[in-house]
Amino acid sequence: MSDQNLAEWRKLALTLEGEVNKVIVGQESPIKLITTSIFARGHVLLEGDVGVGKTTLLKAFARSIGGGYERIEGTIDLMPNDLIYHTYLGEDGKPHVSNGPILKSGEDLSIFFFNEINRARPQVHSLLLRIMAEKTLSAFNSEYKFPHLIVFADRNQVEKEETFEIPSAARDRFMMEIPIVIPEIDELMTSLVFDTKFHDADKLIEEAKPELFKFDKLNEVSENIQKNIDATEALKTYSLNLWKATKNPSLYDVKISGIDVERLIISGASPRGISMMMKCARVNAWMDNRSSVLPEDIHAVFHETIAHRLVFNPVYELRRTEIAKELTKEIINKVSAP
Amino acid sequence: MHKLFGFLIFLLTISLNAYEDPNKFKDIDPKFIELNIVEPNQRVGYTVGDIINRQITISIKKPYQLIEESLPIVGYEKRYRGKLLGMTLRDIQYIKKNTKDLITYKIFLKYQIFTNNVVAKPAFITADYYRLINPIEPDNVVKFRIPELTIATSPIAIFGAVKVEDDMSAFRGPLTIDKMPSNQKIRYGAVGFVISILTLFYIYSRYTWLPKQNKVFSSVYRKYKNKNATKKEIELLISELHHGFNLTINQALFTNNKERLFKKNKSFNYIEAEINDFFKLSKAINFERKNNFNLAETYAWLISFTLHCRMCERGLIIDSGDIKKLGFK
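Protein chains in written order, with the numbering used here: chain A, 1 to 338; chain B, 339 to 667.
One chain only, chain B, in its complex shape (with noise of 0.2 Å):
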């Protein structure tokens, strides 16, 4: 119980350290300060949620500064003879500019009231005390008073009209929440939604397969990968694979007219190589009547071929390691 009691009477001890009384402190010498504040227009009328800003530019002669740590703390009640007033410091930004003889602060302060009457009452944003120092004498420390500003707050409803199904008026609409910002979110969010579906269309349909879009490698390598290795499979996908290079380049390829095909699609420079073998094989097949060739393993080229021509189709570059050389001669 002791130890309780003990604990408590050294909080209290902490909380009255830490009220400071502002008339410790001597008021600075108004030769060192310039003061400027911007009142707001509205003086009457504030009900509860309002903002007042209020904007104070200060100067101070030097050797003088601002204790910036005296400034007022956001969330801090403001309060009269001990009794809260209902209005709260919200928020607070400066601006320090200092030059060779003055230090000037541009402070923006934002209070929110928090309080409510049947009537108009006067209010006020109590002074507030801000501390100097010189930092030739440290010890010396001096304060300066903001004035107090002086407002009045007013009621929401008429006096006497407290509860709001009786005033029902025609004129006034139900108190809804402002749909403006959910509206705009869903705009932007469909605006998006719109580009991100064409932009994938476009990468699918430009870089990848998607039906009618000529992309006719794609098809041949899934119509051709599973089969199996017989001369007429050969030949047919030989077949498959020049009309393919045909609709590539809009006209007949053959091996003088490569360059067209190349201006046509970058990726398939890359494997040039594979294309020479390729119509090498085919003038073989088709042209020369030559049988000397292994049909497992041609079959194999060729579905290897065909799959860097549909990555090719899709713009991609075939890395030259992957390139395997036909052993056919």
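So here's chain A without its partners, still in its complex pose (with noise of 0.2 Å):
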């Protein structure tokens, strides 16, 4: 794929990030993020309360890429086979089976999102994770391939009754986990309220631009996308030593408030989650119209990218949210670059 073709993808991704941005408003953040997760080819977890926009968000994301977009609600009595197929009794008085979410798509899947991941059992999770590592899945006796799935989910943080926490492998096959919380601005606030287009989603939602570019090709797009950002010898090292103070906070004089350091972290971040951070730096430079990553693309996906990944200490565990986002800052701010 020649520069040029770069040029207009870039110009593509601005568009659908634009798009986003007009059906879900004061989320441009996470839009980017998203927007760079999708180009960087990797699964993304959503974290937010109840009720803030989040399948709206994806649904628009869905509609603008194209693709098939399928859904699913994670609950206590979810089962792996209730993603592959239904079984059902037809009219004729026969027992049928249709494809599951999972197969509905075929190939085009290109959305599927889970929403409240942690209400379904560890059976489910282990069956994503397969999808999203290998996206292959074996049934009825044959091979399925999902060469253009994202995996979108969300985790309700609030709720811990019938909840199972994702283990740490899982939320480390997720590119990113994105905050979404609706930002306290009384003008924003009012608009949600009585603005009446906020109030039908579906309709909100069509307000999207359909289909903008062949999903198809956004593999390809990524992989010119990864060969073609550079990433120089210091940026190198920063990046090295980022992942250093992830594993030992401490060799960099990384300081939390009434946490004890030494103690926080069982487990850094994993040269997978580095190797996503780096891709999801190298989308970044190139949505800003760059051809080198700089410090400010990792800084721009720092948090997204690694505080998921991190295993903190069970006493520490409970704080999560608010330890990794200090940590990752408190990084950031010791790790020098060059």
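In case anyone wonders, no lab produced these hints; they're calculated from the structure.
Note that the coordinates shown come from a computational prediction; the quantities given were computed from them, not determined experimentally.
All C-beta atoms, glycine included, are put in the ideal place defined by N, C-alpha and C.
Warning: the hint list may mix true and false statements.
[What the hints assert, rightly or not] To be clear about the criterion: a stretch of chain A counts as covered by chain B if any three or more of its residues have a C-beta under 8 Å from a C-beta of chain B, and this derived list gives those stretches: (1) 287–295; (2) 329–336.
[What the hints assert, rightly or not] Mimicking DSS-like on lysine-lysine, the simulated pairs with C-alpha atoms at most 30 Å apart in a straight line are: (3) A:Lys329 to B:Lys618; (4) B:Lys563 to A:Lys334; (5) A:Lys329 to B:Lys601; (6) A:Lys104 to A:Lys203; (7) A:Lys244 to B:Lys570.
Assembling the complex is the task here: the two chains are given apart, and the hints tell you how they should meet.
As structure tokens, then:
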């Protein structure tokens, strides 16, 4: 793919971002991050309260990207086969089997949204892990492939009853965990409540332009971005230092008020995590029309690509969101570049 | 000879005119004067060097006024019947208070004794005559007498024991100069010296360079100012400057947290444009592999920037006219 094509794709990426911003207000940063993850071909975990617009956001993206969009609600009695097939009695009185949400769109499946993933059992998580990692599924004596699939999942962190914490191995499969928070701006909050266009989500989504580009070209575009955006030795050293800091923050004099940093981390970022961070940083540089990655590109995606991969001491696990935010901020503050 | 004799006669005439006979003026009617004298409590035992204080308050009814020139003059030696009495007026001060009917003078006199005797002997401060004038009749000058003060002077040593070496008592220490004032001066001097040293130390540690004071830009400037402009040196200098900024704010400095630097040291605010250029250059060299810059010019700019950082580090303000723009794009 030529540089010119990449430039055209960049315009499309910015158009996609703009289209979704038209539908979802006050979420500029999450929208940019999701756009980044789409072009870095990574799965996204959304974190936020109920009713903040996560589903609408993803539907808007699905509409503009094109391809198959499927969703499923996580419940405690959801079983792995519920993702693969349905059985029912047909009009002819005989049992029938139809494809579940994963298989319904076939190879064209581009976005699969798993709502409240932490309500599903670990068996479901493990199936999803394989689909996310290998983008294949064995069923009905056949091997199904989903080359264009991106999984979006969200988890409700407020309620803990009847939920299963997503294991660190599963979390590590997600490229980003993006917090969705309604900004506390009076004007924005008032329009969300009183502007009638926000009352009907389906109608709202229709405002976003459909099928902006060919979703089946995204893998190729992503590969080209990774090939064309340069990372110098200084940047490699910087990202390596950041990685080391996630494993042993005290080496870089990282301090968090009220936290024993020496005991905080059980496991730092994984090699997969750091490589995903770099992929996202490259996409960020490409979207900002640069040919090289700068430290600021890493900063733009560092928290979202790293925080959810860190394994904390169980003493601090209950305060994960707050501590992880502080930790990633401090790591960026303390690790110097170059 | 005649001329000399004539000159001596002239001098004698002048000196005779200078002496004024007190009897030349009439005494003032006492009803115009109210006199109050505070005499010293000590009347006897004065010896050479002692001071006698006398306070005289005179209230003069108007229209009379005191001729202030008639007050005793400092240095005047008291005489009696032409002989020196051995006491001199050392100091005179007065306060004048003018009311509708009265003029009141409060006069403070200090006499010093310059005489001694082998036995106790009466002495006195002779009477003084102050002259007054009525402005309505300026030719009619009158006088007023300040009474004498009788005292007694005493010997320093007991009569007969005139040799000090014969009066060597073990209970009496040697006569020494009082060391208190000198010690006091030394103490004040020492305190002043310590304060000055601490002040200088504070100024130097805060605003200039001292070892181990985290004054990093000074050492960077000294290290690089005379080096050759090579790409390697430029890279090293940029790296050291980044390190300097990081030390200054105790965290990594990026373009998006410059405010922290300005908050820490307001002087850097004045070179914000240069800092922006520095980051642009640093990114180009470290992260963008750009090589289209003039080594000599860039190095010269970096040295100038380092110097400005050193000045900022010392709390100085850079003149905007001194700031150079980096030609690098």
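A quick look at each hint next to the structure:
| no. | hint | result |
| --- | --- | --- |
| 1 | 287–295 | holds (count 6) |
| 2 | 329–336 | holds (count 5) |
| 3 | A:Lys329 to B:Lys618 | holds, 23 Å |
| 4 | B:Lys563 to A:Lys334 | holds, 29 Å |
| 5 | A:Lys329 to B:Lys601 | holds, 19 Å |
| 6 | A:Lys104 to A:Lys203 | holds, 24 Å |
| 7 | A:Lys244 to B:Lys570 | holds, 27 Å |
Checked against the numbered hints above, the structure violates none of them.
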